[in-house]
Structures are given as structure tokens and as C-alpha cells.
Amino acid sequence: HNMDDDNALKEFAGSAIDACLYELTSLSLKIHARPELAYEEVYAHDILADYLEVKGFEVSRSYLGLQTSFCARYSLSASSSTATASTTPTATAPTPTIAILCEYDALPGIGHACGHNLIAVAGIAPGLGLKQASKKLRRGTVLVMGKPAEKAGGEI
Numbered sequence: 292h293n294m295d296d297d298n299a300l301k302e303f304a305g306s307a308i309d310a311c312l313y314e315l316t317s318l319s320l321k322i323h324a325r326p327e328l329a330y331e332e333v334y335a336h337d338i339l340a341d342y343l344e345v346k347g348f349e350v351s352r353s354y355l356g357l358q359t360s361f362c363a364r365y366s367l368s369a370s371s372s373t374a375t376a377s378t379t380p381t382a383t384a385p386t387p388t389i390a391i392l393c394e395y396d397a398l399p400g401i402g403h404a405c406g407h408n409l410i411a412v413a414g415i416a417p418g419l420g421l422k423q424a425s426k427k428l429r430r431g432t433v434l435v436m437g438k439p440a441e442k443a444g445g446e447i
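Heads up: the sequence shown begins at 292 in our numbering, then just goes up one per residue.
Misleading hints may appear alongside valid ones.
Claimed, not checked - With a straight-line Cα cutoff of 27 Å, these simulated DSS-like cross-link-like pairs (lysine-lysine) come out:
id : residue 1 : residue 2
1  : 346       : 321
2  : 301       : 427
3  : 301       : 346
4  : 346       : 427
5  : 426       : 301
6  : 346       : 426
Hints listed in this document are in silico derivations from the structure and should not be mistaken for laboratory results.
Make a model of the complete structure from these sequences and hints.
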């Protein structure tokens with residue numbers, strides 16, 4: 292493992308994000324146009340979860356019993372990969388799991404002045420990039436977690 296490999300992975304992940312820039316911007320603007328207060332983020336929950344499903348994530352909606360939370364998972368393991376001998380993880384090689392949090396609730400009277408429409412896609416974007424990086428590495432798990440009611444104590 293060397294610095295050139297790291298830089299190549301960063302570029303690969305960045306390119307995956309760049310390819311989705313229009314879609315991510317559209318998601319942010321849609322959420323901004325329909326602010327939803329704590330535990331009422333049904334629209335934001337649905338469009339974010341739907342988008343992640345289209346992008347190949349397995350999405351658990353109403354995660355942990357919270358109606359407007361979700362957990363989107365993309366996972367590659369050594370057993371499911373078609374890796375060559377030189378890149379197949381060994382028993383000692385780490386298989387990383389990285390979780391990223393999205394927030395998308397609005398505030399009473401000011402909507403998304405708090406920027407959670409941006410924070411939502413700021414969680415989706417690296418999830419997409421890390422998904423592509425895990426494909427290149429042929430291992431790893433990426434979780435994109437939707438957290439409702441951030442300003443009102445919604446915990447997942």
C-alpha cells in the first residue's frame with residue numbers, strides 16, 4: 292500500500308461524486324423547498340432513501356423505529372469479490388466500515404437556514420465516493436445514515 296494508491300482512490304471517489312453533482316444539487320434544492328420539522332421529515336427521508344437505493348445501496352427505512360430515519364448500506368466482502376490474489380484481503384487485512392451521517396430537519400420559522408439540506412447531501416456525496424472506492428478495493432462497507440430531528444434530540 293502506498294501514497295500513489297491512496298491518491299488514485301481519492302481521485303476515483305472524487306470522480307464518482309463529481310458525476311452526481313447535478314443530482315446532489317437537485318436533492319438539496321428539493322429538501323430546501325420543502326422544510327420539514329423534527330420527526331416530520333417524510334419527504335426528505337423518502338427522496339434521500341430512494342436516491343440511495345437507485346445508487347445501489349440497501350436501505351432500511353424507519354431505522355431503529357424512527358419513522359424518518361434510514362440506514363443505507365453498501366458492502367463488499369472478500370467472499371463476494373472477484374479480487375485477484377494480490378488484492379484479496381487476508382485474515383489480517385482490515386475490512387473497513389465507514390458510516391456517514393445525514394441531517395435533514397428544518398427549524399420552525401426559518402426553514403433550512405440551518406443548512407441541513409446541504410448537510411444531507413454532504414453525507415450522501417462521500418457515501419457515493421466511498422462506495423466506488425470500496426469497489427476498487429474489493430472490500431469494505433459504507434453506511435449512510437439518515438438522522439431525523441437533529442435539533443430536537445433524534446438519536447440513531
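Status of each hint after checking the structure:
Taken as a hint, the residue 346 and residue 321 pair is honoured in the structure, with Cα atoms around 18 Å apart against an allowance of 27 Å. Distance restraint check for residue 301 and residue 427: the Cα-Cα separation of roughly 11 Å lies within the 27 Å cut-off, and the hinted pair is therefore satisfied. Of the supplied pair hints, the one linking residue 301 and residue 346 holds, its CA atoms being roughly 19 Å apart against a limit of 27 Å. A hinted pair counts as satisfied when its Cα atoms are at most 27 Å apart, and residue 346 with residue 427 qualifies at roughly 16 Å.
With a CA separation close to 13 Å, the supplied pair residue 426 and residue 301 stays within the 27 Å bound. This hinted pair checks out: residue 346 and residue 426 have alpha carbons roughly 13 Å apart, not beyond 27 Å.
The structure meets every hint from the earlier list without exception.
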